Amino acid sequence: MEAPGATEGLGEGGAGGGGEAGADFGACRDEEFERYSRQMIVPGVGREGQLRLIYSRILIIGAGGLGCPAAQYVAGAGVGTIGIVDGDVVEMSNLHRQVGHATSRLGMKKVDSLISHLRDINPLPAYVPYTFPVTPENAADIISGYDLVMDCTDNPTTRYLISDVCVLLCKPLVSAASVQKSGQLIVLNCPPTPQGRVDGKYAPCYRCCFKKPPPPSSMVSCGEAGIMGPVVGLMGVAQAGEAIKILISSLHLPQPSPPPSFPPLADQNLIQPTLLIYTYDLSSAIGPYSFRPLKMSPRKKTCFACGENSPSTLTLEGIKSGTPNYEQFCALPVPKHTLPSEERISARVFHDMREKGEIGRHVLIDTREKEHFSFGSIEGAVNVPFGRLLMRAAEVKRDGGDESGMLPGVVDGDAPIFVVCRRGLDSQEAVEKLKELGVDKGGRRRIMDIAGGMNAWKEEVDPSFPFV
Amino acid sequence: MASSVEGPQIPISVDFSGGLEMLFSNQRRHSLSIAANDKDGNPSTIAFLIDHLCKNLMKDPRSELFVLDGHIRPGILVLINDADWELEGEEEYELKAGDNVLFVSTLHGG
Chain C
1 MEAPGATEGL GEGGAGGGGE AGADFGACRD EEFERYSRQM IVPGVGREGQ LRLIYSRILI
61 IGAGGLGCPA AQYVAGAGVG TIGIVDGDVV EMSNLHRQVG HATSRLGMKK VDSLISHLRD
121 INPLPAYVPY TFPVTPENAA DIISGYDLVM DCTDNPTTRY LISDVCVLLC KPLVSAASVQ
181 KSGQLIVLNC PPTPQGRVDG KYAPCYRCCF KKPPPPSSMV SCGEAGIMGP VVGLMGVAQA
241 GEAIKILISS LHLPQPSPPP SFPPLADQNL IQPTLLIYTY DLSSAIGPYS FRPLKMSPRK
301 KTCFACGENS PSTLTLEGIK SGTPNYEQFC ALPVPKHTLP SEERISARVF HDMREKGEIG
361 RHVLIDTREK EHFSFGSIEG AVNVPFGRLL MRAAEVKRDG GDESGMLPGV VDGDAPIFVV
421 CRRGLDSQEA VEKLKELGVD KGGRRRIMDI AGGMNAWKEE VDPSFPFV
Chain W
1 MASSVEGPQI PISVDFSGGL EMLFSNQRRH SLSIAANDKD GNPSTIAFLI DHLCKNLMKD
61 PRSELFVLDG HIRPGILVLI NDADWELEGE EEYELKAGDN VLFVSTLHGG
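Listed in order, the protein sequences are those of chains C and W.
Numbered continuously in the UniProt record's numbering, the first sequence closes out at residue 468.
Numbered continuously in the UniProt record's numbering, the second sequence closes out at residue 110.
Just chain C, with the same shape it has in the complex (with noise of 0.2 Å):
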């Protein structure tokens, strides 16, 4: 659709329902002048920097903590064309955190949800919905339409894919994560540069900045670890907020070849980008840390994305093929321990077993931390976390003493064991190390994992268990 008149005014903006004609341009231009006045007011901003807001396309992957918030302030900024892309449906417990969705939107698609809550706050922007996850397949179709991109997504292999197809579009990346109490936030590939280029400091990658994933076994999720709203909500605000001041400021734009020798100061900051780090404390009213700034490394020669030797590593065609192969990369967490099946026992037959009194005497650990816990446990459970189970292995071990040192409190004679977790395989770790300390007498005193831990608990027997 042409912009009569576009020299003078705010240009079509938003281009919204895109079948809206020049007749309701001029009213288009007025309201945008009252909408976003505010904002063009701020130096450095002015018409011109709404402009280019108006003319830009961002994608954000993901409409959970970081998506939501971080939506609302692009849609509220009057950026023209804002793709979201998530394959989820609301769920209640995403509620205190994402605040886009609504108790009245409960199994509405995450995308549609957001975007009418997008709608709401402003009309104008094009809001394109993408109600699947991204994969390999469709990375780089979806991302080649979009000036810059917002990496809002929950897990590393999701993260490395952006990443890798960001780099070989020539697209700025603005990556946030958060878990529990603790939030990250940099900018990537930006001034965007053609991948293999080294002949000077450009902007890093991903994968220049976290060259691996961390091992499965040590990564946790919201849904395990939990996230405060306003954490990971601050993540999502700050990369609105660094988005919109990349396209104000046409950074986004690859730089021209070959780059000058000394990179205007704005640039000198995004090549060595500050990873931010943002840690609130539960414990203390006032944390001295708060907000970190932390300087990272440019563009480095051996990076698998980006590097010297990267357009023999790494291209769309490989990608949408299936190489590297994401997931591998990132394995996917596989149960580190089986114990023989007679030192297990199911939720199931353990219950009938108690209720018919056939076990008898007996303790029952919980293993799982304590805010876990006190959503409930089984009758009579006694709460060691297993972190502090493996404190106390470790101490026992090296100090001497007996179990009394390690399960002090839940000794009971010979008097069996039972362990159960939250999904059962700490419980598992658990029985091991107790037999490795000798509290099962040589075999005297039975010590058992409860299989599949609360998780099975409440499928198994009692399907009201607040299991979380």
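I should point out that these hints are in silico values taken from the structure, not numbers from a laboratory.
Keep in mind that the hints are not guaranteed to be accurate.
Unchecked claim - In silico DSS-like cross-links for lysine-lysine, where the CA-CA straight-line distance does not exceed 27 Å:
#: 1; chain 1: C; residue 1: 181; chain 2: C; residue 2: 295
#: 2; chain 1: W; residue 1: 96; chain 2: C; residue 2: 397
#: 3; chain 1: W; residue 1: 96; chain 2: C; residue 2: 435
#: 4; chain 1: C; residue 1: 435; chain 2: W; residue 2: 39
#: 5; chain 1: C; residue 1: 370; chain 2: W; residue 2: 59
#: 6; chain 1: C; residue 1: 212; chain 2: C; residue 2: 301
#: 7; chain 1: C; residue 1: 211; chain 2: C; residue 2: 109
#: 8; chain 1: C; residue 1: 295; chain 2: W; residue 2: 39
#: 9; chain 1: W; residue 1: 96; chain 2: C; residue 2: 441
As the structure is a prediction and not an experimental result, all values here were calculated from the model.
Let chain C serve as the given structure and place chain W on it in line with the hints.
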């Protein structure tokens, strides 16, 4: 906390973030004195510090969450005075009095 190695000590601070503090008594900042030189008389490096932390400061036995095969595990960033350690020579960096070393676990949630 004093290092077991005899000789001059240097004061430094070590911070843990992104969940790693859990392995170190749930304390985010530790002020310590470490030996200025290792047992061969060479200046103490980050590698020396990492070993020192595992042996003396870590209360949690799950050392594999911090170190794998003698090196810092993938997914942990090391910052020397708030700059990526790759700018400073990584494990070879020689510690100076007053240095701050930060270990941050990379987050992926959202």
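Evaluation of the provided hints:
| no. | hint | in the structure |
| --- | --- | --- |
| 1 | 181(C) x 295(C) | holds, 22 Å |
| 2 | 96(W) x 397(C) | violated, 36 Å |
| 3 | 96(W) x 435(C) | violated, 45 Å |
| 4 | 435(C) x 39(W) | violated, 38 Å |
| 5 | 370(C) x 59(W) | holds, 19 Å |
| 6 | 212(C) x 301(C) | holds, 16 Å |
| 7 | 211(C) x 109(C) | violated, 33 Å |
| 8 | 295(C) x 39(W) | violated, 32 Å |
| 9 | 96(W) x 441(C) | violated, 51 Å |
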